[in-house]
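Sequences listed follow chains A and B, in order. What the first sequence shows, in the numbering used here, is residues 574 to 767, in sequence order. What the second sequence shows, in the numbering used here, is residues 73 to 559, in sequence order.
If you are wondering where the hints come from, they were derived from the structure by calculation, not from laboratory data. Here the structure is a predicted model, which is why all the values come from computation and not from measurement. Glycine included, C-beta positions come from ideal geometry on N, C-alpha and C. Incorrect hints may appear among the rest.
To be verified - Mimicking DSBU-like on lysine-lysine, the simulated pairs with C-alpha atoms at most 35 Å apart in a straight line are: (1) K758/A - K113/B; (2) K111/B - K757/A; (3) K758/A - K180/B.
Unchecked claim - To be clear about the criterion: a stretch of chain A counts as covered by chain B if any three or more of its residues have a C-beta under 8 Å from a C-beta of chain B, and this derived list gives those stretches: (4) 714-720; (5) 724-731.
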Amino acid sequence: MLEPLFFNLFGGLAILAATLVVVSRNPMHSVMWLIFCFFNSAGLFFLLGAEFIGIITILVYVGAVMVLFVFVIILLDVNIARMRAGFVKSLPIGGLMALMLFIEMAAAGVSGVFSSATMGQAVQFGQEVNNTAEIGKELYTRYLLGFELAAVILLAALVGAVVLTLRSRKDANYQDIAAQVAVKKRDRLRKVRM
Amino acid sequence: MSKIQFPFPFPEHLSIMVPEIFVAAMAMAVLLWSLFLPKEKHTITAWMGIATCAATIPLLLSQAGSIGLMTFYGFFILDPFAVFAKLLLVVATLVAMVLSIDYMRGEKHMPEYYAMMLFTLLGVMFMASATNFVMMYLGIELMALAVYVLVAYQREMLRSLEAALKYFILGSLSSGMMLYGMTFIYGITGQFDFEAIGIALQGVGEDGRFAMQLGMLFIIAGLAFKLSVAPFHMWTPDAYEGAPTPVTAFMSVVPKVAGFVLFIRFLVEALPVLQHDYVQVLTVLALLTMAVGNIAAIAQRNIKRMLAYSTIGHVGFVLLGLIAANADGYAGILTYMTIYLFMTMGAFAIIILMRRDGLEGELIEEYAGMSKVRPGYAFAMAVMMFSLAGIPFLGGFWAKYAVFIAAVESGHVVLALTALLFSAIGAFYYLRVVKYIYFDEAKHDFAFRSNSAVQVVVTVSTIMIIALGLFPGPLMEICHQALIGLV
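In isolation and in its complexed conformation, chain A is listed as follows (with noise of 0.2 Å):
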């Protein structure tokens, strides 16, 4: 009964957030909005039935990807004026692989061949069947060899990138305490004839 409300809802606000993540002038509005975008699909995820991928999407999408967003676009420092002033130049290319895209999905969707009779159908199983309860069985069973190597590579992956980017700064200043410790008073102390 509410469901066809909430999907208007969460599909509606969706809409929205996309609009407004391409036309905000401030690119951190930007992924702001993106950000309740992907809420709202992670929304639409729930009510299919699917939460594991909808709690994926929050925890991938919004946890990692967007964070990792906010950090490139403070450390960038867009220059927006400069990021419009070529508008006008790429609008001819731009414009034409958006009335392509326009025109390819227009034209998908009026075909009828995706149409929802024949696709989404989703099977619905009963209600003993829990989406993350069985994906976490295969994974720590079936897959379980799989799953291990990846964490092994996840590791390798994490120590590479801090072996190639850890630098000790030369201008920072470090306390050696074994050099304080071994210091003797003719290292420090000087002999001045006034």
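Position chain B relative to chain A; hints supplied.
Relative to the frame of chain A, chain B by itself:
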């Protein structure tokens, strides 16, 4: 919550993958233990790495008799083929670590260097035992990620960073291509296990044939990149030149061996239906690769770049074994890889000994007159070069002989003759090095480092190449034995 039941005796079955578990545990132990070591003592981690490799060899030998054991729902296979490949990989890693001890001394983050080598070893060992797309992809990624880091290790040097970046970007691209190919095969068959794919593909009619070929093409392209097969070889010379020399030696053997092993298993188990198609594709690739490798090497003045093209050329010859597509061909590949390991490691060991002022003896002219100063090294280098060129009766001759004969016997006579021609062209640039060493006057002072570990590598490689050249029979026999249960 119900208790999970494995369809195999769970802790007992882990014995099948004891070497892998050991290597993984030691890689993490190296990482952790180095935190408690003072900086001066970081070299200990090198010896830990070497000890790990040395201890893995008996573990692997104890598994030598097992045929077709599977565990973890068939994700991991243990057969003589995998064991032999892993032995080669472990020995190559061991040698590369020995070459690194002196070279990497004083580098920052030394312990992580050896941990990364062990992670690479782990990745390639899983590649050797992979039976499906999941393990194939994960093994390749673990290997590739660790090698990217190793290539960039001297990050103060611009060329090292450049090499790593090129390698990384092209490597990611090739992984993407491979995954794309896998989706085609999976889409047709609904299977990702090699053997199941092989069975399912038999039932695919003409409708699915094009998608099948497309998937095969993309997977072959992805693997070809890892093996630096032309036209996917562009990254190789830069990566070889920019990487620290021990890493160059490492990456010219280990990923190649693992790549070919995986290639063989994939073609034999998953694509017997498409044999006619993949032989055609591989023939084109082999011709291109042999041409690029052997002709472009002539123009190189830097010996590391020259050896990079030499690797490409050798990969082209090894492809003949895949084209032969029979037991002789695959045994020939294993023979080739074994001998190639010693030739390459020996040659790079001498390059490392020539290191001078941070930049090692990298120009070929710098080897001029070496025979008068150090006749021993000169002899060793000459043996390596003759062997790489395939002069009888050194190891390299039998390596080429094994794959060429296999190609001829399976009916690819023209291809084998072309390969022979390219081999003759290739001999030119190997012999040029020998000419510099023996017949030219010295232009530079030689400042050889006294480094007993590297000297041992040079000596052992030289002895192995001469010994394998005189008595190739046992090795070829072992390589044939290793294929039991596969072909």
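Verification of the supplied hints:
1. K758/A - K113/B: 30 Å, holds
2. K111/B - K757/A: 24 Å, holds
3. K758/A - K180/B: It holds: about 33 Å lies between the C-alpha atoms, which stays within 35 Å.
4. 714-720: Coverage by chain B holds here, the residue count being 6 at a Cβ distance below 8 Å.
5. 724-731: holds (count 5)
The earlier numbered hints are all upheld by this structure, with none contradicted.
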